[in-house]
Amino acid sequence: MAEIATADVGIALPAEVEDVELYHPKSWVTKYVFSQDAKVIAIQYSATAIAIGMVALMLSWLMRLQLGFPDLFSFIEPADYYQFITMHGMIMVIYLLTALFLGGFGNYLIPLMVGARDMVFPYVNMLSYWVYLAAVLVLVSSFFVPGGPTGAGWTLYPPQAILEGTPGSEAGIVLMLVSLALFIVGFTMGGLNYVTTVLQARTRGMTLMRLPLTVWGIFVATILALLAFPALLVGAVMMTLDAVLGTSFFMPAIVQAGEQLSYDGGSPLLFQHLFWFFGHPEVYIVALPAFGIVSDLLSVHARRHIFGYRMMVWAIVIIGGLSFVVWAHHMYVSGMNPWFGFFFATTTLIIAVPTALKLYNWTLTLWKANIQFTLPMLFAIAFILTFLHGGITGLFLGNVVVDVPLSDTMFVVAHFHMVMGVAPLLVIFGAIYHWYPLMTGRMLNNAMGQFHFWVTFIGAYTIFLPIHYLGFLGVPRRYFEMGETTFIPDSAQSLNEFITITALIVGFAQLVFLYNIGWSYFKGEKAGHNPWKACSLEWQTPVVPPEHGNFGDELPVAYRWPYDYGVPGAKEDFIPQNVPPDPVTAPQSR
Amino acid sequence: MSFLEQLKQKPWMAEQIQVDNAHEGSEYALPAATLGLRVFLGVVTVLLSLFVIAYGDRMAASDWRPLSEPWLLWLNTGVLILSSVAMHKALLAARQAQIERLKTSLLAAGGCALVFLLGQVLVWQQLIALGYFAATNPANAFFYLLTALHGIHLLGGLVAWGRIITRMGRETDAADLCASVELCTVYWHFLLVVWLVFFALLLFT
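Line by line, the protein sequences give chains W and L. Quick note: this note's numbering has the first sequence finishing at residue 590, numbered continuously throughout. Quick note: this note's numbering has the second sequence finishing at residue 205, numbered continuously throughout.
The set of hints was computed from the structure by calculation and includes no laboratory data. Keep in mind that a hint or two might mislead.
Unchecked claim - A short, non-exhaustive set of chain L residues, derived as facing chain W with CB atoms under 8 Å:
#, residue
1, 7
2, 24
3, 47
4, 51
5, 56
6, 57
7, 126
8, 129
9, 138
Said to hold, decoys possible - Pairs of lysine to any residue residues, derived as SDA-like cross-links and limited to a Cα-Cα distance of at most 20 Å, are as follows:
#, chain 1, residue 1, chain 2, residue 2
10, L, 10, W, 445
11, L, 8, W, 311
12, L, 8, W, 500
13, L, 10, W, 305
14, L, 10, W, 317
15, L, 10, W, 566
16, L, 10, W, 564
17, L, 8, W, 361
18, L, 10, W, 371
19, L, 8, W, 317
20, L, 10, W, 581
As the structure is a computational prediction, the values presented were derived from the model and not from experiment. Yeah, the Cβ is synthetic: ideal placement off N, Cα and C, and Gly gets one too.
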């Protein structure tokens, strides 16, 4: 633990920051392709994640076409439908959201926000991206092998995932598992960097409690991921062996089509425990960075310090800890001891406490604040609404007696799309509108942005609110088509058509967003230095966009927390984190 | 100051600002690489523990038939212990800047590790010759799985070891190498402990 001098410290300390030796690229290839600069790696991660995310978006269109117009698209077979579901879910959760939040925003923002020149292990960081890319390529290759990608559902439950008859049981499932293993190896390399950089590479004056909440969110999410992904790796390795070598780790004795298979005695439940021991923290691996980022967006665009900074940090840490003791709430329908169910229902409901605390604090940050309705602010407010909405349906589903009847219906689909699909994506959009000027030096076009926001936000509700209702009706999830079901009225089909049409429109709005990213890079309004008048260090670089080494000749020194907005007596309504205290207007406690 | 203590700070208060402005920045008085290795070992521990838990869970099923471990495993274990001892001697030599002793100890450590891996492959061959296939019984499957996992991690260690050996060819200053040898030694001892746990698990169940 670093010694902290409490003795006489001057008002403004000299900027003595121990500097690090930086790797300087010598050629175009080492500068832009095999780059060790976290900012370049961040953009590589983001571009790859968005590219594979587009595949997931297209898969969702195909699914919606089938659900909305079951008889119209003869090229969609039941097997295809299951493959679309599986790949859409897996890509969105892991290859898009996890990679974009941690690999993308983590790499770009951690070194800049903590005042470091780069990550502490740049070479390992570079490897991290290339292994991630390999994982994505293996995943994509599974579309082109005989039998196609796996259609086992994103949870990949054995025994069905590797049995003949499940789409992709030939090669698709093995490629899926190999791709996951690669992803985990790649992520671990990155994760070591994020944790060590936050702990060891902060600039002088940057205490843990002076970190922007974005860094806190990414930091705790990385720790969760480092502890949770191994469970998925264990599951993936053992299931690969079951599929390839014919071992029986997860495979019980099975008679298929009158024939006794060679498997015996394995435990499918063990896989479910391993999967959800990873799978539940995964929700928070995605949510915590979103929490952090949205706190900073709200604070900057409401020109007000975040309400209850300490509580926000505590909530992030507590949610992170609790997320490891709730996993079996995904397995109520697998059958379990009632006391076991009682325990997991209780822990699940307890998570609502720190989460509600965050929602109150976000709302209170906006209370009587000087709210600027910029695009990042709009997306942040939209996040609060959708996350609240998805969180409350989570409270329903956390109870065993409510979950059991709803578990295999569209209600669950609506719940998790609201809470971990729409909500984090809205934060990603807001974050891109917020930090694009820093990354490129230009603003994103506002008109296109407004169109993107309103269509996406209203569209998300018009898609997912009706899906909740379908769930209440009892429309099952994972069904290729509903067919004749007595308890489901015909109007459910009309609703499905409506949802499909809306989904296509919302999908189109995302293409406008991508076009905006490309268009603004060349023609966007020049952003200049610190266009949002933000306090945190990433906006205080001498050159925008920040160059290799981030901070020019001298590292900045942190003299205050990153939320000095609207300080009474200050010249402007914000004081950047690296501005030394002025004896006359030194900030008093607020 | 402990992590929990720090969480109590109020960074916006004037008194706290005074204290915080004197903060050095880094959290622990450690080189980044040492902390990085510790975090990595933490992740590996979680990974391997989960395998052990899965082992325990699967063992309870009625089809579990323990296999009789070949005596060669004892010999391999001995060689791995020797490897760790040699690595520790290398560390002591590096600390005392005795470059020749460092070289011989390092080579002995790596050599023993390679012999260990070779021995493990022989064990596999013996078991296969006796008809203990991975698909026949979960006990066999876990035997191959755990030994392979340990072997892969040791191979990774040998890559780091190889990098030190090549660096030693270029520079002869032991002090520079000391930090790397130290990390390597920690990893070696860690893998020895992992092996002893795995070996005990395989032997007694």
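Which earlier hints can't be squared with this structure? 5, 7, 8, 10, 12, 18
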